[in-house]
Amino acid sequence: MTEAVIRNKPGMASVKDMPLLQDGPPPGGFAPVRYARRIPNKGPSAIAIFLGAFGAFSYGMYQVGQGNKIRRALKEEKYAARRAILPVLQAEEDERFVKDWKKYLEYEAEVMKDVPGWKVGENVYNSGRWMPPATGELRPEVW
Amino acid sequence: MANVVDAAGEPIPTSSVLMAAAKHIEINCMPENVEFLKCKKKDPNPEKCLDKGRQATRCALGLLKDLYQRCKEPMEGYAGCMYYHTNEFDLCRKQQQAFEKACPLQ
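Chains as they are written, first to last, in the UniProt record's numbering: chain A, 1 to 143; chain B, 1 to 106.
No lab work stands behind these hints: they were computed from the structure.
Do not rely on the hints blindly, as some may be mistaken.
Said to hold, decoys possible - The calculated lysine-lysine pairs, modelled on DSS-like cross-linking and capped at a C-alpha distance of 30 Å, are:
(1) B:LYS94 - A:LYS113
(2) B:LYS38 - B:LYS94
(3) A:LYS103 - B:LYS94
(4) A:LYS102 - A:LYS78
(5) A:LYS69 - B:LYS48
(6) B:LYS41 - B:LYS72
(7) A:LYS113 - A:LYS103
(8) B:LYS23 - A:LYS102
(9) A:LYS103 - B:LYS41
(10) B:LYS101 - B:LYS23
(11) A:LYS102 - B:LYS94
Next comes chain A alone, as it looks inside the complex (with noise of 0.2 Å):
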């Protein structure tokens, strides 16, 4: 019933007479549309594009090789400073450890003093070479 009411015509005799109703093209057509692809071959070559990696590439590894310098500049200070202190720290273990070493002797002939045959103390090794002593703690008394 709507759609008589709509398109109505006056002086119609049937539905059938009613005049089309279409979403259509507007007169003259539409405008064209393009479709074609249209890709501008500019910009840089294929060696402009690998020159300039190349050279970003060489610029960040200079970069790396300069900051390399700098931070072994920094480690061989700080090396320096250690070989410069070591005597110091290594006479200071010398005194205690030999002080320690004397008591260790006086109780190994205290234990061992019936022993028949046997050498207190230096019994260690026979290359003539000195050894720390093995005994698999280095300060008993810390740990």
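Following the hints, position chain B against chain A.
Below, chain B alone, put in the same frame as chain A:
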């Protein structure tokens, strides 16, 4: 700790103090240190190198006392900064410049 000398005026050789004075020790105590290291290389037995070790320690402690007497404030600042940053030279550049300006390395 961050004190360079104890109550009696004797220098305390903690790691921060020694690292702060390391460049001075390297230059001023070089003969004693080299002698001690040569002795150690020849024979690692501690009993054989005690006297050279004592010379090296005496030189270093004397140098610490001398530095403390010559420039007390910058040295204390530098040693304190070293103590705070656990002996990182790069974090104590300001105190290092002040210390080396007051007691130059020679």
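Going through the hints against the structure:
Straight-line distance between C-alpha atoms of B:LYS94 and A:LYS113 comes to about 62 Å, which puts the hinted pair past the 30 Å bound. As the CA atoms of B:LYS38 and B:LYS94 are separated by approximately 36 Å, the hinted pair breaks the 30 Å bound. Distance hint between A:LYS103 and B:LYS94 is unfulfilled; the C-alpha atoms sit about 48 Å from each other, more than 30 Å. Proximity of A:LYS102 to A:LYS78 is assessed by CA-CA distance (about 36 Å); at most 30 Å being required, the pair is judged violated.
In summary, the hint linking A:LYS69 to B:LYS48 is not supported, as the alpha carbons are separated by about 41 Å, beyond the 30 Å threshold. Between B:LYS41 and B:LYS72 the CA atoms are separated by roughly 36 Å; this puts the pair beyond 30 Å, and the hint is violated. Between A:LYS113 and A:LYS103 the alpha-carbon distance is near 15 Å, which keeps this suggested pair within the 30 Å criterion. Distance restraint check for B:LYS23 and A:LYS102: the Cα-Cα separation of roughly 35 Å exceeds the 30 Å cut-off, and the hinted pair is therefore not satisfied.
For the hint pairing A:LYS103 with B:LYS41, the CA-to-CA distance comes to about 26 Å; that is within 30 Å, so the pair holds. With a C-alpha separation of about 13 Å, the suggested pairing of B:LYS101 with B:LYS23 holds against the 30 Å cut-off. Distance check on the hinted pair: A:LYS102 and B:LYS94 sit about 47 Å apart at the alpha-carbon level, beyond 30 Å; violated.
Hint check: violations occur at hints 1, 2, 3, 4, 5, 6, 8 and 11; the rest are consistent with the structure.
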